[in-house]
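S.K.: Each chain, written out:
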Amino acid sequence: MPKKTKIETALIESLKKKFNTTIKEEYVKPNRIKFSTTSDNFRNLAQAVKELGFDQVISQGGTDYPDNNEFRVEYHIICVSIKKFRSIIFSLMTTIPKDKPEIETLIDIWPSAEFHEQETFENFGITFINHPRMEKLLLPEDWDDIPPLRKDFHLPGRG
Amino acid sequence: MNYKLISGILGAFVVGLRNVFKRRMTLKYPEEHLEIESGYTYDAKTETGSPGFKGRHILYTDKCTGCSLCAIACENIADCIDMVKVEGSWPTNPKNIMPQIDYGRCVFCGFCVDACPFDCLFMTPEYELSATDKRKLVHTPFQLAVFPEKKGNVKLIPDDRGAYHD
Amino acid sequence: MIETFEEFVKRILALLFWFILLSPLIIFPILFLLVPIFGIDVTTVNEILTASIDPIKALKLVEELGLGPSSTFFKVVAFPGFTFAALVATITILYERKLIAKTQLRVGPLYAGRFEGFLQPIADLFKLLGKELIVPEKADKAFFWAAPILSLALGASLLAVIPLSPTIYIARSDFSLLIPFAIIGFSPLVVLIAAWASSNKFAFIGGLRALHQLAAYEIPMLISILGVVVLTGSFDLMEIVEAQKNMWFIIPQFLGAIIFYITILSELERVPFDLPEAETEIVSGWLTEYTGMHFGLLQLGVYIKFYVLALLFTLLFLGGWNGPAFLPPVVWLLTKLFFVISLIIFPRAVLPRLRLDQLIRIGWAWLIALSFINLFIAVIESSLGVI
Amino acid sequence: MPNSVMNVVDQGGDRLVLHVGPQHPGSGHFRIIVTVDGDYIVDAKPDPGYVHRGAEKMAEYRDYIQNIPHLERPVIIDASGVTLPYVLAAEKIIGVEPPVRAEYIRMIMAELNRIISHLYWLAIYGIFLGHSTMFMWPMGDRELFIDLAESIGGTRVTFSYIVPGGVRNDIPINFKERALKTFDYFEKRIKEYEKIFFNNPLMAARTEGIGVLKKDDAIRLGITGSNLRASGVDSDTRKDEPYCMYKKVDFDIPTRQEGDSYARCVVRLRELQQSMNIIKQVFDLIEPGPVKQVLGGVMRGEPGEAFVRTEAARGTMFYHIVSDGDKIPYRVKISVPSFRNLIGMSHLLIGSRLADMPAIYWSLDYWPVEADR
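Residue numbers (numbering that gives the first Met the number 0), protein chains in the order written: chain A, 0 to 158; chain B, 0 to 165; chain C, 0 to 386; chain D, 0 to 372.
Note that these hints are calculated values from the structure, not bench results.
It is possible that part of the hints are untrue.
Said to hold, decoys possible - Taking beta-carbon pairs under 10 Å as the criterion, some of the chain B residues facing chain D (in silico):
#	residue
1	ILE5
2	GLY10
3	THR45
4	THR47
5	SER49
6	ASN75
Unchecked claim - Below, a list of computed lysine to any residue pairs in the SDA-like style, where the Cα atoms sit at most 25 Å apart:
#	chain 1	residue 1	chain 2	residue 2
7	B	LYS3	D	LYS194
8	D	LYS56	A	ILE125
9	A	LYS33	D	ILE93
10	A	LYS3	D	GLU240
11	A	LYS135	D	THR34
12	D	LYS279	D	ASP146
13	B	LYS154	D	ASP146
14	A	LYS33	A	THR62
15	A	LYS82	D	TYR242
16	B	LYS150	B	TYR28
17	D	LYS56	A	PRO139
18	C	LYS126	C	SER283
19	B	LYS3	D	ILE189
20	B	LYS27	C	PHE117
21	B	LYS62	D	GLY295
22	B	LYS135	B	THR45
23	D	LYS44	D	SER345
24	A	LYS135	D	ASP46
25	D	LYS238	A	PRO29
26	D	LYS279	D	SER345
27	D	LYS56	A	ASP144
28	D	LYS194	C	ILE343
29	C	LYS56	C	LEU66
30	A	LYS3	D	LYS247
31	B	LYS150	D	PHE174
32	A	LYS49	D	ASP215
33	B	LYS3	C	ALA364
34	D	LYS175	B	HIS164
35	D	LYS326	B	LYS150
36	A	LYS82	D	GLN273
37	C	LYS137	D	PRO24
38	A	LYS28	D	TYR242
39	D	LYS194	C	GLN357
40	B	LYS44	D	GLY94
All values derive from a computational prediction rather than experimental measurement.
For every residue, glycine included, the Cβ atom is placed at its ideal position computed from N, Cα and C.
Construct the complete structure from the given sequences, taking the supplied hints into account.
M.R.: Here is the structure:
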């Protein structure tokens, strides 16, 4: 594992102190910090990261793992207002079961996640509870197939 | 404030008027052709290409082995290379197959050139490939083997007083 | 297959050639056989036919019918009436395209005609004629058709009282300055009719913008020319031009000239005041639904208006046809007109579009105040006897 | 005229619902549903997705090389800017390091593309304000930079030039002289641009104080790129988290405090100059050497993931690539700046005038194809 800088160590420690074992440090690469947690605890973790000063969602997406029958939901958070944190990207990850793809929205914490969550909804069928506009954004309004970024959706002619 | 308004508008007028008398940078296309020096080539040993225009391909039929690596490279990009049977006997090419390129689909990325390990598929500066018939866009191996004629006669020159073609 | 404009012209000429060749062989014998049946003398027919190839005879024939160069009909239809105005308008369109292109480092029309695309207006005309006239299904058909005709009629009626020289005019009136402005006030209504009849939201917004624009420029426009009237004491354009023998009114009435110039830009919906047809905001404004020759007629009307307003500027402020005697007066007038037209065209190349509220603020807060100041200047000047 | 009355005025009383786009001179492949009350916009709902091609899904079917021509399609006017983060991420997955010279050439290419993209933006912004000369001039001058990029990359817009392991070919021999000549010419042109457009009082009247994006709002809404810098935040990935060799060059981040449309315009104009400044410095720093690492055969990623961000022309471009050890990526998540800036559009449009819509819309440099992917 590469060496952590002082800033990174401080961030990780502060989060670990708050959540003890409920969050798992996936890895730390240069300028990259990744934490995972359960979907119930996810909102608290997000709140804590926001309080550290990380104020923009640069990306939000999902990944389908059909073998485990689960979706990974991932938020990539950057900080704009505090200069020393600008080089760091926080990645927060949680898994949700494929049978009940629901998770609480984080747009009240980060309004910038709004369209990203909408996109994840239409591409994976993950419902974000309390999101004001859970409707199609990029896909055609009359799309009636399964959400396209799931692994069991195949492009025509590509098996 | 009024001084700024008037001087701003007058300044815009003056700059506009000054440009009326500059040399045009328009390329009068069908009469003039932009000169392009060379096409894109690739050295398989160093895995490095040479800078050049990515235009129509040139196929060295005497070197082609029919390995279909170009077609495989193109498979998920544009899917425009088909290996077709060719007439005649080719010592290097026992299967007698060579690439045929559909320019209706080609995106001119040049990854087929990178894929060729025998230095027999390169690109030329030929860019006038339009046809009135969709079928004419499919170039057979023998069409690809012909060198294009050089048409370029002008160059784009940036000057202190303006850019122009000459 | 006809692919280029030249081939098209060649084809037309070929058809004409065959018509001329065949008509003596087929049409004339039939004519000579049929005419006696209706009791007309064959010699009349003969004379008409000879006149068609002999200009001197034709001229005599036209004079006899009361359509000669000195007749009112000729003045209205040809010179200085509609045809001449339309010709100037066409040249203006070409000149505008070339000038704007030159400013923008382009070449502009180049291929129609051997020299700098000078046949482009004709090519455009054929293009517009060849296009399908699309009338939207839900449009108000009668008004939709009426708007282009009204636009052209409005432009043409402006020509009635404007003189081109002491001898070249259609009609004289003691109020020849007021009549064009009375007619011009009607033009936003044409825009509104076109916009309303199109039954299109963008067209509708464009029409409303045209009405607002009228409110902004109409009053300063009228007041700015009052200065000239004060100086000359007459509403007659002839007398106004005569009064400028020694000094053009642009010197004592500089402010008025500037205001009049700005209001001309506004009246003609030209950049920076082209709000009613602002492409990127409201598609093409009130012109959105018009195609083919409908569009052509609307444009022709606008460009005839352009010609008239440029002419008025020349007559009011640039001394009209006054000039050294080595050139005829009308040539002086046209030279000045060309300059004014360039002046009106050029802002399109260098200025962006303004917003409606800004235009109204300019109109009401600045131009009206300045035009009254200009009027006072005129009163003072006339009492001092400057002219 | 009962017909036309019904059609012109919607059911919403005195409010008019306008569908601006996708077939509208001022929209692009994109629609904004605008509700106007008089001249004021009371509601604006962006409706992207007209050119959605499922780039993320399609990337799961192509190997790391084949993805390059594919992924630059969404942003062909900034083709190097969009493929650079992908290649950096793919390099992390595959585990290769590009040679130093290749890093410099990547910078040249990325900055050239930034100039090309900004000039395109400037041209469209000119015509959106009704200034047709400002449309033609940048489009013409853009051709010079396209020519420069073409002499390196081989095509006019979609270069497919940056690949894992380096770049595909070296720069031409006389490139430096050509580029410096072009820059000298263009520096003079920028002065003319300023005179005819940026210092034009009418242009200032149209854009100053229009679409003001406050600093807090910009951060909160996730605005990125030049739009963020125009709101007074000096955030630029090239400085925050330097990639390639941006550590070694010295350049400014142009910022403005106002956050209005005019500020966004000026920031982009200054960025043009900074880009040229960077390329000039690169010419001094660059040293001869190989431009590509010899890889041999099909690249296979190691299981794992990588996320990389770079500063593309429109803002921070972000790629998240997940690999399961196959030769094709398991998941490619592209987070594009236009998509993130879109959220600012309805925020800015509501309350402004209808005539300001193009001035605000394009000042955000929203590229519909990029947002839809």
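S.K.: Decide, hint by hint, whether the structure agrees.
M.R.: Evaluated hints:
1. ILE5: 9 Å, holds
2. GLY10: Interface hint status for B:GLY10: holds (5 Å vs cutoff 10 Å).
3. THR45: 7 Å, holds
4. THR47: Hint on B:THR47: holds, closest Cβ of chain D at ~5 Å, below 10 Å.
5. SER49: 6 Å, holds
6. ASN75: It holds, given that the least Cβ distance between B:ASN75 and chain D is near 4 Å, below 10 Å.
7. B:LYS3 with D:LYS194: 12 Å, holds
8. D:LYS56 with A:ILE125: Satisfied, since the Cα-Cα distance of roughly 17 Å is no more than 25 Å.
9. A:LYS33 with D:ILE93: 20 Å, holds
10. A:LYS3 with D:GLU240: This hinted pair holds, its Cα atoms lying about 15 Å apart.
11. A:LYS135 with D:THR34: 21 Å, holds
12. D:LYS279 with D:ASP146: At roughly 17 Å apart (the allowed maximum being 25 Å), D:ASP146 and D:LYS279 satisfy the hint.
13. B:LYS154 with D:ASP146: This hinted pair holds, its Cα atoms lying about 10 Å apart.
14. A:LYS33 with A:THR62: 15 Å, holds
15. A:LYS82 with D:TYR242: 17 Å, holds
16. B:LYS150 with B:TYR28: With a Cα-Cα distance of about 11 Å, the restraint between B:LYS150 and B:TYR28 holds, given a limit of 25 Å.
17. D:LYS56 with A:PRO139: 16 Å, holds
18. C:LYS126 with C:SER283: 19 Å, holds
19. B:LYS3 with D:ILE189: 20 Å, holds
20. B:LYS27 with C:PHE117: Cα-Cα ~18 Å, so holds.
21. B:LYS62 with D:GLY295: 21 Å, holds
22. B:LYS135 with B:THR45: 36 Å, violated
23. D:LYS44 with D:SER345: 6 Å, holds
24. A:LYS135 with D:ASP46: 10 Å, holds
25. D:LYS238 with A:PRO29: 16 Å, holds
26. D:LYS279 with D:SER345: 39 Å, violated
27. D:LYS56 with A:ASP144: Cα-Cα ~14 Å, so holds.
28. D:LYS194 with C:ILE343: Distance of about 21 Å is within 25 Å: holds.
29. C:LYS56 with C:LEU66: OK: C:LYS56 and C:LEU66 at ~14 Å, within 25 Å.
30. A:LYS3 with D:LYS247: Cα-Cα ~23 Å, so holds.
31. B:LYS150 with D:PHE174: Answer holds: B:LYS150 to D:PHE174 is near 23 Å, not above 25 Å.
32. A:LYS49 with D:ASP215: Judged against 25 Å, a Cα distance of about 15 Å means the pair holds.
33. B:LYS3 with C:ALA364: 19 Å, holds
34. D:LYS175 with B:HIS164: The hint holds at about 20 Å.
35. D:LYS326 with B:LYS150: Violated - the C-alpha atoms of B:LYS150 and D:LYS326 are around 42 Å apart, more than 25 Å.
36. A:LYS82 with D:GLN273: 21 Å, holds
37. C:LYS137 with D:PRO24: At roughly 23 Å apart (the allowed maximum being 25 Å), D:PRO24 and C:LYS137 satisfy the hint.
38. A:LYS28 with D:TYR242: Satisfied, since the Cα-Cα distance of roughly 15 Å is no more than 25 Å.
39. D:LYS194 with C:GLN357: 22 Å, holds
40. B:LYS44 with D:GLY94: Given pair B:LYS44, D:GLY94 holds - Cα atoms ~21 Å apart, limit 25 Å.
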